[in-house]
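Going down the list, the protein sequences come from chains A, B and C.
full-length UniProt numbering numbers the first residue of the first sequence as 1 and each following residue consecutively.
full-length UniProt numbering numbers the first residue of the second sequence as 1 and each following residue consecutively.
full-length UniProt numbering numbers the first residue of the third sequence as 1 and each following residue consecutively.
No lab work stands behind these hints: they were computed from the structure.
The structure presented is a predicted model; accordingly, all values stated were derived computationally and were not measured.
Any given hint could turn out to be false.
Claimed, not checked - Rough simulated footprint, nothing fancy, chain A against chain B, three-plus residues with beta-carbon under 8 Å:
1. 42-51
2. 61-72
3. 120-131
4. 201-212
As the list claims (entries may be wrong) - For the chain C half of the interface with chain B, some residues (derived, Cβ under 8 Å), not all of them:
5. K37
6. V42
7. V43
8. V72
9. H74
10. L151
11. C152
12. N153
Ideal Cβ placement from N, Cα and C applies to all residues, glycine included.
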Amino acid sequence: MHVPLELLMGRLPLILHIMEVIGVLAFAVSGVVDARKQRLDVVGTFVVAFATAFGGGTVRDVLLDRRPFYWVDHEGYVLLIFVMSFGASFVLRVVSRVASDRAMIVADAIGLGLFSVTGASLALVAQMTPTVAVMMGIISAVFGGVVRDVLCNEVPMILRDRSPYATCSFVGCWIYVGMTWLAVQQEAALLTGAVAIIAMRLVSVRYGWKLPS
Amino acid sequence: MHVPLELLMGRLPLILHIMEVIGVLAFAVSGVVDARKQRLDVVGTFVVAFATAFGGGTVRDVLLDRRPFYWVDHEGYVLLIFVMSFGASFVLRVVSRVASDRAMIVADAIGLGLFSVTGASLALVAQMTPTVAVMMGIISAVFGGVVRDVLCNEVPMILRDRSPYATCSFVGCWIYVGMTWLAVQQEAALLTGAVAIIAMRLVSVRYGWKLPS
Amino acid sequence: MHVPLELLMGRLPLILHIMEVIGVLAFAVSGVVDARKQRLDVVGTFVVAFATAFGGGTVRDVLLDRRPFYWVDHEGYVLLIFVMSFGASFVLRVVSRVASDRAMIVADAIGLGLFSVTGASLALVAQMTPTVAVMMGIISAVFGGVVRDVLCNEVPMILRDRSPYATCSFVGCWIYVGMTWLAVQQEAALLTGAVAIIAMRLVSVRYGWKLPS
């Protein structure tokens with residue numbers, strides 16, 4: 001995840017910027033929640049929250065040989081996650097009061113949507129083929145969660161839970177890549193792909209869609 | 001594993017090409033088998049099969065700072081694994097009918113042999129010393145299996161099973177590196193090293209050789 | 001960990017060189033101990049010991065895009081760990097006779113201290129900001145242990161044990177970075193940071209300090 005969109009489009013449109021903040025926070029909070037379940041200490045909480053929020057984008061950047069990483073250029077997020085880890089129980093109390101479970105699912109879906117399309121777009125910038133771009137989009141969006149679960153010694157959720165997650169990312173990345181191929185304006189393509197992923201994710205949670213196992 | 005042998009020798013000899021296809025398929029199928037055991041969904045099956053088949057070569061390329069990755073240049077394999085994941089239960093039924101357990105062990109040994117020597121050869125191309133080249137050969141051949149087991153939340157098989165596996169790779173890589181040092185023709189050196197690994201692996205399985213623990 | 005300090009300062013001062021040897025050995029031995037607990041075979045023991053000793057530094061170098069890795073340039077360590085893995089039970093007997101548990105804690109603290117500050121210093125050389133340099137220092141020092149625990153299928157010790165470990169690295173890296181910012185001589189800054197970490201670690205073990213969970 002976590003893309004210097006500025007690079008892609010000159011200026012980051014406000015809507016995508018807001019989505020990014022929501023996504024990073026949602027991912028980090030999901031890391032904090034898991035860390036608390038495993039009764040990790042402050043350091044463990046920070047590591048897991050950080051890995052959940054930035055693991056996917058970092059792996060993508062290593063694979064694409066891109067530098068600097070997003071979090072290297074945006075230290076504010078690192079600091080924020082650091083502070084969150086210290087006040088983890090406070091953060092979780094506030095989150096559980098302010099944001100219902102439903103709100104957290106929406107926030108997570110926003111992260112999934114945005115980080116998928118921006119990941120795919122960075123791969124296209126790096127001259128990758130459409131198939132590879134879609135894979136990079138998926139990696140950007142879901143790999144953080146895989147690392148989180150491996151650190152917490154669980155079989156990664158996205159590999160066993162049959163609720164569509166990577167699948168939504170897959171479909172939306174192809175939508176984005178297809179629109180790019182049709183020379184649609186970047187901003188519109190990114191937004192359409194992201195919204196498609198978010199919608200698909202929310203609908204599939206709402207109606208309990210399941211993948212075949 | 002997974003080496004643009006064309007780069008090494010101008011033209012890929014047919015025998016090595018056939019070994020490569022067999023090896024990739026054997027590794028991918030072993031990923032599918034493990035994913036089914038853990039009752040992963042379609043996405044999980046794809047991720048584990050893909051990581052088993054290409055994880056080792058990708059880590060080697062990251063360590064050697066080589067691009068593009070093998071699977072970036074050979075999307076056919078990605079598509080094949082994708083299709084296999086959808087028809088996983090069908091694939092496993094066919095595999096279990098067509099290929100006995102013994103055939104799977106042979107196919108896996110072929111992958112082990114080929115990916116070891118080609119991994120070592122890429123490290124030599126990148127000016128690594130013989131010791132590092134041997135380590136890269138081993139990483140190429142066995143790391144995919146380590147990732148597969150970590151994702152499935154198991155202590156990696158190759159670390160605890162005392163049946164020689166990485167050990168065969170180790171011996172064969174030294175044979176290959178030694179022949180290269182003796183200026184033997186590349187193709188012959190690769191084939192000798194690979195065949196030595198395959199033979200050693202099969203003999204050790206056949207007679208139940210065990211490493212000390 | 002594991003830094004070509006020669007690059008940083010022309011000539012490696014003897015005291016830092018001795019600390020490095022102690023640190024690498026302490027980390028490798030901790031890998032061997034864990035591998036024995038899991039009853040891994042010789043290959044598994046080597047992999048876990050190697051990953052514990054060099055995993056942190058290798059990940060840091062991948063993140064900073066530095067080559068060659070420390071162990072590529074210092075094959076002696078690779079060989080030493082290789083030999084240690086073969087004689088693992090012998091090594092552990094000797095270690096348990098020569099070195100008390102207390103000595104092992106001191107040796108491990110020395111590794112923690114040295115690899116933290118040298119990791120941070122390499123990040124500064126690569127033009128990273130202070131915050132990123134501190135993170136790279138921590139990664140260099142503790143990531144090997146995380147990989148060790150993931151391979152042995154445990155929730156990483158440093159994430160759940162509430163005894164300060166990464167925290168000591170964090171504080172000492174800031175001391176080092178601060179002294180660098182104040183233009184203190186490199187060698188003195190490295191030594192001060194490392195000693196601060198070692199002292200903090202030993203005091204916190206001695207008095208049973210705990211982080212909040």
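Checking each numbered hint in turn, tell me which of them this model violates, lowest number first. 3, 4, 5, 9
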